[in-house]
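Please build the complex by placing chain B on the supplied structure of chain A, with the hints as guidance.
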Amino acid sequence: MSDAATPNPSDSSSLQLGPPKARPGPRGGPKNWVTMGLVLPGLLFFLVMFVWPIAQMLSHAVYSPEVQIALPRTVAAMADWDVTTPPSDAIADALILDLKNADRGDLASAARRLNYEQSGFRAALLKTAREVRRSDGAKGYQALLDADKDWADLARWRVLRSAGSAYTSYYLLTALDLEKRPDGSIGRVPGDRALFVTVILRTLWLSLVVTVICLFLAFPVSYTIASAKPGRQALLMLLILLPFWISLLVRSSAWVILLQDNGLVNTALLKLGIITEPVQLIFNRTGVYIGLVHVLLPFMVLPITNAMRAVPKDYVRAAFSMGASAPRALFQVYLPQIWPGVAAGSLLTFVICVGYYVTPLLIGGNQDQMLSYFIAFYTNQSVNWGLASALSAVLCAIMLLLMGLYALVPRRGGTTAGR
Amino acid sequence: MKYKQVNPMQKWQRLSGLLTLLVLIFLILPIVIIMPLSLSSGSFLSYPMPGFSMRWYEELLTNYKWTKALQNSAIIGISSAVLAMVIGLMAAIGINAMKKGAARAVVMGLFIAPLMTPLIIMAVSLFLFYSKLGLSGKMLGIIIAHAILGTPFVVVSVFAGLQKFDMTLMRAAKSLGASSWYAYRNVMFPILKPAVVSGLLFAFVTSFDEIIIVLFLAGPDHITLPIRLFEGIRDELTPVVISAAMVMVLISVGSMGLIEWVRRRSEAAKEA
Chain A
0 MSDAATPNPS DSSSLQLGPP KARPGPRGGP KNWVTMGLVL PGLLFFLVMF
50 VWPIAQMLSH AVYSPEVQIA LPRTVAAMAD WDVTTPPSDA IADALILDLK
100 NADRGDLASA ARRLNYEQSG FRAALLKTAR EVRRSDGAKG YQALLDADKD
150 WADLARWRVL RSAGSAYTSY YLLTALDLEK RPDGSIGRVP GDRALFVTVI
200 LRTLWLSLVV TVICLFLAFP VSYTIASAKP GRQALLMLLI LLPFWISLLV
250 RSSAWVILLQ DNGLVNTALL KLGIITEPVQ LIFNRTGVYI GLVHVLLPFM
300 VLPITNAMRA VPKDYVRAAF SMGASAPRAL FQVYLPQIWP GVAAGSLLTF
350 VICVGYYVTP LLIGGNQDQM LSYFIAFYTN QSVNWGLASA LSAVLCAIML
400 LLMGLYALVP RRGGTTAGR
Chain B
0 MKYKQVNPMQ KWQRLSGLLT LLVLIFLILP IVIIMPLSLS SGSFLSYPMP
50 GFSMRWYEEL LTNYKWTKAL QNSAIIGISS AVLAMVIGLM AAIGINAMKK
100 GAARAVVMGL FIAPLMTPLI IMAVSLFLFY SKLGLSGKML GIIIAHAILG
150 TPFVVVSVFA GLQKFDMTLM RAAKSLGASS WYAYRNVMFP ILKPAVVSGL
200 LFAFVTSFDE IIIVLFLAGP DHITLPIRLF EGIRDELTPV VISAAMVMVL
250 ISVGSMGLIE WVRRRSEAAK EA
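Residue numbers (numbering that gives the first Met the number 0), protein chains in the order written: chain A, 0 to 418; chain B, 0 to 271.
Isolated chain A, as found in the complex (with noise of 0.2 Å):
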């Protein structure tokens, strides 16, 4: 049997002392296998139960069979309906057909979606259907009227129309607060049912706020452990990290009990006469960034505290030596040195922040869920999928993008190898 991990014979000439670091040379040949074989069953899982599901959960966004499936016939016979006169006896047959023949599970799942687009449309499509089940001889398009007046309004139509096509941009517009109109130009909702830009713009402030808070707290705490001899270091690095082993549960507990209205914060500072009455420090936006930045904050101290071991002291030194001022040793010889750490500390935990759910959820207010919250309660509470999935298209778009942008961070030997 052959070994993988064995550099080809060939690689043998560059024998190098102590751990080879790059093998050069294609390793191709008969070893491929065995390196197969070991890669193969945890990729094969990978993509069965990780990548398969988040891709089928994405496509949920723009792919919405549901009335296609419970009314085929209606779908087919709109295909060339013209949309500004009433729809013919034909389709309306086809509509009675489908009706009848729908599985009850399937009627309910297209009258669902249907009623996204136009409130009522869930009522008066089941109502329809019971009706023109009991009534054998029920035809044309007087007996859907007889059934429930509106489906003489056209936009009704209209929308069963749209909703007949198994993709849709309705999930995703609805995501960004867009709506299509019925002249098929793509606008914004109405003020009273816009929501998920707040909650996008809600979610990035948000991150972004603590993002900063966690830069300016982990600016002096990198700089201490940076400039500490060795032993030290170890040791303010382990109480960095400590909060980092501590369940995020028994951290948010914590701070329910210490920040509560009869909480420790607020009993002592009514003891000490600061305060008259409790100050609302939890469940609120106050809450929910002591929170995130209590979770977050080691993200950033890491990569900044490697990113300052690797300056060398003397710069500074050197930098005022010379004359320089606090604040022009800091920006221009300082902070260009420890760039690509803060930058790395920086987005590392605006991404990680941006997809945060149960921080928010339990010390935070109503007005302080992000993203994830909503993600969450249109997957549980009301069951709109389509809606759910597009919500997490924006939060990995969001995602993405951010992780884009740290691919474009530069990366100095420096610091990593500073370790």
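If you are wondering where the hints come from, they were derived from the structure by calculation, not from laboratory data.
Honestly, I wouldn't trust all of these hints.
Here are the simulated distance ranges between beta carbons [said to hold, decoys possible]:
hint: 1; chain 1: B; residue 1: 104; chain 2: A; residue 2: 404; range: 12 to 20 Å
hint: 2; chain 1: B; residue 1: 70; chain 2: A; residue 2: 35; range: 33 to 41 Å
hint: 3; chain 1: A; residue 1: 126; chain 2: B; residue 2: 54; range: 53 to 61 Å
hint: 4; chain 1: A; residue 1: 236; chain 2: B; residue 2: 185; range: 47 to 55 Å
hint: 5; chain 1: A; residue 1: 122; chain 2: B; residue 2: 21; range: 24 to 32 Å
hint: 6; chain 1: A; residue 1: 168; chain 2: B; residue 2: 233; range: 34 to 42 Å
hint: 7; chain 1: A; residue 1: 122; chain 2: B; residue 2: 70; range: 44 to 52 Å
hint: 8; chain 1: B; residue 1: 178; chain 2: A; residue 2: 314; range: 33 to 41 Å
Derived lysine-lysine pairs resembling DSBU-like cross-links, with alpha carbons at most 35 Å apart [what the hints assert, rightly or not]:
hint: 9; chain 1: B; residue 1: 131; chain 2: A; residue 2: 99
hint: 10; chain 1: A; residue 1: 138; chain 2: A; residue 2: 148
hint: 11; chain 1: A; residue 1: 179; chain 2: B; residue 2: 131
hint: 12; chain 1: B; residue 1: 137; chain 2: A; residue 2: 228
hint: 13; chain 1: B; residue 1: 64; chain 2: A; residue 2: 228
hint: 14; chain 1: B; residue 1: 163; chain 2: A; residue 2: 312
hint: 15; chain 1: B; residue 1: 163; chain 2: B; residue 2: 64
hint: 16; chain 1: A; residue 1: 126; chain 2: B; residue 2: 131
hint: 17; chain 1: A; residue 1: 148; chain 2: A; residue 2: 228
hint: 18; chain 1: A; residue 1: 138; chain 2: A; residue 2: 179
hint: 19; chain 1: A; residue 1: 270; chain 2: A; residue 2: 312
hint: 20; chain 1: B; residue 1: 10; chain 2: A; residue 2: 228
Think of the CB as a built atom: it goes at the ideal place given N, C-alpha and C, for glycine as much as any other residue.
Frame of chain A, contents of chain B only:
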């Protein structure tokens, strides 16, 4: 004049030292300050405590809903960590043997991707996927999801270990007549063991702490410790929540200590 020029840096250093102290207090004090409350004899989470007692730990270890949660967390944590270890170890050795290039980068990226994926996206996508697969409400589904979550830790840790591993050892073993499997088992694995163990523990702690995926995928019988804690925080904030939290802290910090111990031992062995 020269004196004055050195002064600014000292000032900054002192200031940053002070700020560091404040940040450390912010990071650690909240956790430390709630710990004694688990020993309170009262039912409220406030100071001063009426007295000391072990009643909340007793409740934790005797009340079915807590013991069941603890048991579920242990089963899910251990199974998913072992699964992650097997997948991750194989993948890391395989990736290390792949030739450098796009394929290798993509495979590596895929195995690390769960670290960067928002948990809510994994949770919702698996929720939809499992409902079609008939895996929803089953413990196996949670174990699979947590194994995916834990695999990156094993891959990263073992891969780093392999970078330091001297491949000439394998060749030496072969030249002395060892079979491929013998060389893996008796040469490579012992040296990789610390990396594997630390990856395994990371995977375990990740699963043990994870709540979002469990929230979405668990049936009523699979309540884990974090979920119980979550409900406790929202509904009945009594000291039993803190004693449960203490158990989680103990297990997490214990694992961290173990990782550190394994790391130190392997470093000591290398120097010897």
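Status of the hints after comparison with the structure:
For residue 104/B paired with residue 404/A, a C-beta distance near 19 Å keeps the hint of 12 to 20 Å intact. For the hinted restraint 33 to 41 Å between residue 70/B and residue 35/A, the CB-CB distance of approximately 39 Å keeps it satisfied. Take residue 126/A and residue 54/B: their Cβ atoms lie about 58 Å apart, and the range 53 to 61 Å holds. Between residue 236/A and residue 185/B the beta carbon distance is about 35 Å. The supplied range of 47 to 55 Å is therefore violated.
Distance hint check for residue 122/A and residue 21/B: the Cβ-Cβ separation is about 59 Å, which falls outside the suggested range of 24 to 32 Å. About 38 Å separates the C-beta atoms of residue 168/A and residue 233/B, a value consistent with the hinted range of 34 to 42 Å. For residue 122/A and residue 70/B, the hinted distance range of 44 to 52 Å is satisfied, since their beta carbons lie about 47 Å from each other. Our hint of 33 to 41 Å for residue 178/B and residue 314/A is violated, since their Cβ atoms are close to 55 Å apart.
Pair hint residue 131/B plus residue 99/A holds up; C-alpha atoms about 27 Å apart against a cutoff of 35 Å. For a cut-off of 35 Å, the pair hint linking residue 138/A to residue 148/A stands: about 15 Å separates their Cα positions. Between residue 179/A and residue 131/B, the direct Cα distance comes to roughly 32 Å. Compliance with the 35 Å bound is thereby established for this hinted pair. Of the supplied pair hints, the one linking residue 137/B and residue 228/A is violated, its CA atoms being roughly 51 Å apart against a limit of 35 Å.
Restraint check: the Cα-Cα separation between residue 64/B and residue 228/A comes to about 48 Å, which exceeds 35 Å; the hinted pair is violated. The hinted pair formed by residue 163/B and residue 312/A meets the criterion: a straight-line CA distance of about 30 Å does not exceed 35 Å. The hinted pair formed by residue 163/B and residue 64/B fails the criterion: a straight-line CA distance of about 46 Å is larger than 35 Å. Note on residue 126/A and residue 131/B: the hinted pairing holds, with a Cα-Cα distance of about 29 Å set against a maximum of 35 Å.
About 83 Å separates the Cα atoms of residue 148/A and residue 228/A, which puts this hinted pair outside 35 Å; it is violated. About 32 Å separates the Cα atoms of residue 138/A and residue 179/A, which keeps this hinted pair within 35 Å; it holds. Using a Cα cut-off of 35 Å, the hinted pair residue 270/A and residue 312/A is violated, with the two alpha carbons roughly 46 Å apart. A C-alpha spacing of about 18 Å is found between residue 10/B and residue 228/A, which places the hinted pair at or below 35 Å, so the restraint holds.
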